[in-house]
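Asks: Here's the letter readout for the chains.
Number of protein chains: 2
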Amino acid sequence: MDSLFTPSSIAVVGASAVSGKIGNTILTNLQSAGYKGELFPVNSRGGTIGGLKVYKSISEIDHPVDLAVIAVPRDAVLCALNDLIKIGVRSVAVLSAGFREVGRDGWLLEKQISELAEKNSIYLLGPNCLGFINTSAGINASFASGTPLTGTTAFFSQSGALCVAVIDWALANGVGFSKFVSLGNKSVINESSMIEYLGNDPETKVILGYVENITDGRNFMAQAVKVSMKKPIIMMKSGTTAAGARAASSHTGAISGSDQACDAAFHQAGIIRVDRLEELFKLANAFSCQELPLGPNLGIITNAGGPGILAADACGESSLRMPSFSLSTIAELQPMLPGYASIYNPVDLLREADAARYCKAIKLIGLDPLINSVLVIVSPSDKMNLTEVAETIAACASEISKPVFCCLMGRKNSEAARSIFSEAGVPVYDFPKQAVRAMDSMYKYAIWKGRASRTFETPDRDYDAAKEIIDSALRSGRSELVEFQARDIVTAYGLPSPDSDLARSGDEAATLAKRLGFPVVLKIASPDIPYKSDVNGVWLNLNTEEEVRNAFWKITAEAQRLKPDAYIAGCLVQQMASKDAREIIIGFRRDDQFGPLLMFGLGGVYVEVLKDISYRLAPLSVEDAAEMVREIRSYMLLKGVRGGEPADFDAITDVLIRMSCLADDFPEIYEAEFNPVLVSSDEALVADAHMTIVKLSSGSKESGLNIDDDLSKEA
Amino acid sequence: MDSLFTPSSIAVVGASAVSGKIGNTILTNLQSAGYKGELFPVNSRGGTIGGLKVYKSISEIDHPVDLAVIAVPRDAVLCALNDLIKIGVRSVAVLSAGFREVGRDGWLLEKQISELAEKNSIYLLGPNCLGFINTSAGINASFASGTPLTGTTAFFSQSGALCVAVIDWALANGVGFSKFVSLGNKSVINESSMIEYLGNDPETKVILGYVENITDGRNFMAQAVKVSMKKPIIMMKSGTTAAGARAASSHTGAISGSDQACDAAFHQAGIIRVDRLEELFKLANAFSCQELPLGPNLGIITNAGGPGILAADACGESSLRMPSFSLSTIAELQPMLPGYASIYNPVDLLREADAARYCKAIKLIGLDPLINSVLVIVSPSDKMNLTEVAETIAACASEISKPVFCCLMGRKNSEAARSIFSEAGVPVYDFPKQAVRAMDSMYKYAIWKGRASRTFETPDRDYDAAKEIIDSALRSGRSELVEFQARDIVTAYGLPSPDSDLARSGDEAATLAKRLGFPVVLKIASPDIPYKSDVNGVWLNLNTEEEVRNAFWKITAEAQRLKPDAYIAGCLVQQMASKDAREIIIGFRRDDQFGPLLMFGLGGVYVEVLKDISYRLAPLSVEDAAEMVREIRSYMLLKGVRGGEPADFDAITDVLIRMSCLADDFPEIYEAEFNPVLVSSDEALVADAHMTIVKLSSGSKESGLNIDDDLSKEA
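Protein sequences appear in the order of chains A and B.
Note that the first sequence covers residues 1 to 715 in UniProt numbering.
Note that the second sequence covers residues 1 to 715 in UniProt numbering.
So that you can see chain A by itself, here it is in the shape it has in the complex (with noise of 0.2 Å):
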């Protein structure tokens, strides 16, 4: 992409002279952000622009051309591609709107313009999109008004009214950018490619992104964990509440994923996830000038009470830890303080203190080896020398190899005191629980970083076995797979289950229950009657021969009375589960931007009534499977309360791991669930199982329905 990011000779398509209009917008910011190399404006007019030559058509341009941006009305964008390929321009930024976000006509314009696009492997940012800026090139591709400064930072964007608020707020506050892009309909280029390319981009040290849908979740994730690895990725994303997605899929008709499988791919892909704007911006700030803490420990120096309560309780509530300072530390701060000055965690140096107190203490705290980062709170006076109380902290610490913040309450006249800050490197914020926050995103990024790498298994199963069974359903044109045909695909994956057999007569059950030993479970066996409880189609605990004898007849009758149209294939003998077994669900759904999401939870009330569940996308590694098992808030009811024995907590993630491997074997099953999953403290039984299955057509991709399809079904 960097004929896109750093282009020796650009192209502007629909210059214009007039100001006010895009096309003379971009040229000027082109100019006036100091583009040193080739600019050929071109409009059918002809004559110059800003002392340049224009060119009446694309074709008279007589140079190479790397980056072409065009600004023409949309229905003369896609000749305007053919032209630019013909003379072999490499990329291209469409500002035009009016595209897949008009509807339908503009849907199919966008369509062939992408598909031309990467026929001739053209990177095409837009369409309906600001354009970009690189600050170090001095390119200012865009038609927003004014450039930001030089930074570390990337920062990219679905919506372009928040590139506009963003480069506002950023000349407003002094913040600067590396690279600042405005993806627009992310019709070929998008949040995948653009981490990517970030990733490699020596001058981003930080990616901030802003994206209302995700447009290829796969690999979206397979791009954000590499990075992830090697530089912070700080994402928002917006649609999270229904109330959002509605929102969302009227302005850019974005099919928006379920929330829980965004949150789970950040999550497994080490993206740090915001919900505010405000905070993108105040992470980026820690994580480009400060270097990750080893750990959560958490000294906080301060020179007033009540802003050191405040920083103690958002550490509270954080992931970060507050522990006493070592023994010797104490001892030194002791003398240096008044006695009744508090010289634990939070150490107070009082109002009076001055710049030799600051300095004195953040030494003494950043050398404590029980203290990973600091916090220095500074609530001026007006006996403080502010200028040399910042100066002194700022050289402090960079005496120091962890990372220092600084909180500096109230603004008035503190101009000078956070210029300070910032050039020396240390993140200075407003509030205290600015400052925890984005401590506490660094420290769990760390963790995420020094993670331990992982493990992905492939589970022996019978393939053959399990697609056979599905194949057949959909020849028979079913799309629900119940108990007693799922049962078979779960033995293919090597799943254990109660004993259990199929009776098709009151006497073979009776037959059947006494070889499996009684108590029993008789359950309806039918392909037409998924949910079981609508006919009262389950008897637990049936004791005698005769029990389960009069239990057959009367389940199979009751399910004739209720469903006359169904067939009955029988009903279920199935072992009782042990007395202290626990029900779990292990389920899985395919969501349609990020594919399988399996769910975890204990059963019943807990996953119906508690919501208690824990997310991840497949595959699944062996770490993440051990994640959603302890993640739930229930998970002490699986180690064991009050002297129960722990659960067999191998034998969950097994089942967790295949159910994986089948999600990602067959894209034919849309949804799955085993659900009650017996475990006891050496085994985990599935006592059910159930899935829904759809014929794939052959165009369609594995991640299920997407928006191309379903448009081109209506055309």
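In short, the hints are calculated from the structure, not lab data.
You may find that some hints are simply not true.
Note: identical chains are not told apart, hence a pair may lie in one copy or across any two.
[Said to hold, decoys possible] Cross-link-like lysine-lysine pairs, in silico, DSSO-like; alpha carbons within 27 Å at most:
id	residue 1	residue 2
1	LYS611	LYS111
2	LYS383	LYS611
3	LYS532	LYS579
4	LYS21	LYS383
5	LYS412	LYS21
6	LYS532	LYS639
Predicted model only: the values in this text are computed from it and were never measured.
Fit chain B to the known structure of chain A by using the hints.
Replies: Showing chain B alone in chain A's frame:
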């Protein structure tokens, strides 16, 4: 307190001619803020300061003095206060530090001062405070640098450092205040007296406060609940986490109550609680210039998709709703926008929106009967005449009787527009989420204000019987009432328990069991064994006389073996719960600051593992009790899931109200727990009860321990 806030004469004790000294800053601030009354500087050196005659001693002042500001060294404060009393001063602000916050001797001195002030009915602010500012009267009796503008918001703060930061921030943002008060150590005037005063202050429309602890929780709630009905109180309380509470107590020596108690108090008193300082002012802005919305339905108007989605997301996370507009509104929106613009909620006026389009949309949506409040998002574009748009929005907003908020994306060149909004009383925010959160707070406050008045019922109970049991236990030196003692109190308070009686032998147990009806429960009965499970002292589901006899001997033998010194009274024989009964836990704990804190939750793992508990402070109204039950996450389990019968709601609230009454009747009960209470569809039986009792010292207050007593013990 008018003598404090609108004094006709002020003495400054410790006035100084030396610039930078507090005694000089105070005088300068008083003069420069334009104080019109008489000023009497006092300093033993005499002379003049700032053109004013300096009195050599307090006794020399030959005019009546309303207020004295004391800025002398700590050890001279008591003497000065004595002298001031002699000349009839009515209120004082003690700026001097060195009291409670520096330890025991400072604390003793502070106690003398506050007692002297209280004896002489003097309103004393501080000590260890910055003073106060009353903008409308032109009084800046503080040593803060700078006087904020006049406004309708009052602010008080326990932390001086936050006062300084807030003044700074307010000056930078053009925010005004009616009163601005630094409470310091709160030895006489505290948050309760401030709320009472500000509740009656016609210049104050919104009350903001920051506190680290609440001095007298019961009085605080009583004042706040009255004032909340008239004007909003928005408060931040720090020290909410364990880490923060530790920092708070080491800072001011203030004991912080539990955060659950504080949350319950704020909720019951209608106080809007925030957890970020920024939010305090963002909310104040909303409350001070807009009416409360009459319902949850928010209409969003935007000219850019991204910010609209962000607003919709924020709405989805709030208690607000985003309904579709009415059909007639949609019909009128349609012709004014291109076909591809979203005309649902949020309505997208598109990038080219001008003042006229905004005006039409605001009027349409503002008059839509389905909509209760309107958020207008403006994302400035180069072509937009922002000033005209702002003026139009402000004018349209004034024609609509519903609250209208604005979100203006980006700060650059927007100052003029922001001023237009501010002057028109339209709250303006930088980001959609901030605006929606403010609107959400207003809606929640409107619900609180409009709620049905609380009904307090005093249940019938046998106070004397309960009193006798408690007194007798205290006389015999016990601090625990175990089940077989506590159940008599339960009965005295009119609460049903399962039929049960004490058996002293196995035969007696068997006879009792026969009378009660099988199955029964046997429980160890010993005043020395508060936790029966420690000795395996509860046997459930005993079905025959033989089993009961056998259980009796095993239980008592095991108890004797494990607790050889315990007095074993025998076993309690109790009816088993009915099969469909659900276990709930109802209890209370006496909070140091707020008195009895009642808790409610489902038994077992719901309380212990999932911490699914609701809290309220006694006395409990009927409505509070109902809210407590509905508020837990697992409430659905009581309502009945999967066809289960609903639990007897009234019976549960009856137990809650009777426990609340018990807590208020007997300050001797430090904590109590009914666990389990067995609830079926027609009753709630207290199956086990446990109470911790304490002997009340003659002087101790109902709300439990207090710091003064503690410290005096050390003396």
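Asks: For which of the previously enumerated hints does the structure constitute a violation, in increasing order of number?
Replies: 1, 2
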